[in-house]
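J.: Next come the chains, spelled out residue by residue.
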Amino acid sequence: MGRKVIETLVGLFVLLGMLAIVFLALKAANLASFRVGSTYEVSARFDNIGGLKVRAPVKSAGVTVGRVKRIALDAKSYQGLVTIELDESVQFPADTSAKILTSGLLGDQYIGLEPGGADENLKPGDQIRMTQSAVVLENLIGQVLYGRAAETGSEKK
Amino acid sequence: MSASDMLARLGVWALGRLRALGRSAFFLGELFASLPSAVRRLYLTIAQLHAIGNLSLIIIAASGLAVGFVLALQGYYTLSRYGAAESLGLVVALSLVRELGPVVTGLLFAGRAGTSLTAEIGLMKAGEQLAAMEMMAVDPKKRVLAPRFLAGIIAMPLLAAMFSAVGILGGYVVGVLMIGIDPGAFWSQMQNGVDAWDDVGNGVVKSIVFGIACTFVALYQGYETQATPEGVAQATTRTVVVSSLAVLGLDFVLTALMFSAPG
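Protein chains in written order, with the working numbering: chain U, 1 to 157; chain A, 158 to 420.
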């Protein structure tokens with residue numbers, strides 16, 4: 001085989017390999033949906049973050065507007081301190097509230113943002129004041145059981 | 158045999174092992190040091206890429222497709238019990254990109270390309286071609302080994318990526334076209350769960366490491382072979398055994414390092 005033929009075949013091989021990597025990065029993984037554009041960080045404290053994970057989506061009205069960047073425990077208040085980065089093109093009012101929600105019954109947890117009505121917007125580094133923790137199934141069951149016990153107890157009196 | 162004789166034998170055995178370990182470590186160092194000369198002899202590297210890469214393409218693609226088919230069938234069987242058949246795309250892609258792509262490609266690479274490297278270099282040594290090169294003041298490590306080493310390092314990640322890509326397409330064929338899972342759910346679950354850096358990137362890193370390991374073992378076995386027909390046969394066998402074990406062992410270590418971190 002001539003030199004030129006081999007070089008062409010190897011070029012084809014390398015091209016195919018590159019295409020495979022691009023396919024894996026764009027079609028199989030979420031590289032395309034990653035915003036490389038600028039983001040800003042805000043934080044929020046939750047009494048219980050449940051199963052929230054780093055890189056979980058942050059959604060507003062169901063649309064992904066950012067991702068969870070860091071999760072840490074606040075050593076003073078014993079609350080979960082969650083740092084999220086939001087797309088710079090989306091600005092939220094300063095009194096926006098954050099909830100930890102679950103997609104579907106057994107799905108992954110994400111943060112839902114509900115915009116408030118304040119005139120000022122959240123600035124980088126701000127903290128979201130109003131938060132609602134993740135629903136922990138065991139606590140919920142406990143509450144129902146206590147509620148039932150209280151009801152039956154008062155009926156007997 | 159007295160006790161001191163046994164002790165001496167143990168010592169000889171241990172020293173021999175250590176010597177082989179040291180020699181192979183020096184050999185690996187020399188291979189890395191000779192990589193620039195492979196870049197200077199670019200055409201030799203390209204010819205080796207053709208021998209190692211292009212000619213392995215068909216077996217890699219065929220195996221990738223078969224593994225993708227089977228993963229989709231088996232994954233569907235298990236997932237449908239929990240009503241989670243929609244996650245099939247995620248299961249297929251994650252297993253391929255993180256584990257099966259690099260590992261199975263590494264094993265096939267050891268069998269398809271590693272053996273031919275060992276046999277070729279072993280026969281060169283048996284025919285005293287390497288000695289003849291040295292007589293002509295041509296360093297056989299730079300002229301013969303370096304282009305093959307570089308070609309192995311380049312070819313392996315490309316082959317592993319093709320294996321994973323073809324496997325995912327195979328999973329798509331079985332999952333969506335044959336079983337009838339919703340194509341939107343198939344791709345979107347996959348894109349939600351597979352991370353470009355943590356999963357795809359680490360898979361590529363793994364396959365580069367396997368490429369280095371397999372090519373190094375093959376070249377070392379060929380270079381150190383006994384210059385007889387039996388010697389070449391044994392060296393070829395050792396190439397397959399040692400590089401397969403190296404791939405599996407390294408895979409465990411790399412997986413523990415890469416994917417054990419929480420989050």
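Just so you know, not all the hints are guaranteed correct.
Calculated cross-link-like contacts (lysine-lysine; reagent style BS3-like; alpha-carbon spacing at most 27 Å) [said to hold, decoys possible]: (1) K53/U with K123/U; (2) K27/U with K4/U; (3) K4/U with K69/U; (4) K59/U with K298/A; (5) K69/U with K299/A; (6) K69/U with K59/U.
Hints are computed from structural coordinates only; laboratory data are not their basis.
J.: Indicate, hint by hint, whether the structure satisfies it.
T.: Hint check:
| no. | hint | verdict |
| --- | --- | --- |
| 1 | K53/U with K123/U | 24 Å, holds |
| 2 | K27/U with K4/U | 33 Å, violated |
| 3 | K4/U with K69/U | 50 Å, violated |
| 4 | K59/U with K298/A | 58 Å, violated |
| 5 | K69/U with K299/A | 48 Å, violated |
| 6 | K69/U with K59/U | 14 Å, holds |
When each numbered hint is compared with the structure, violations occur for hints 2, 3, 4, 5.
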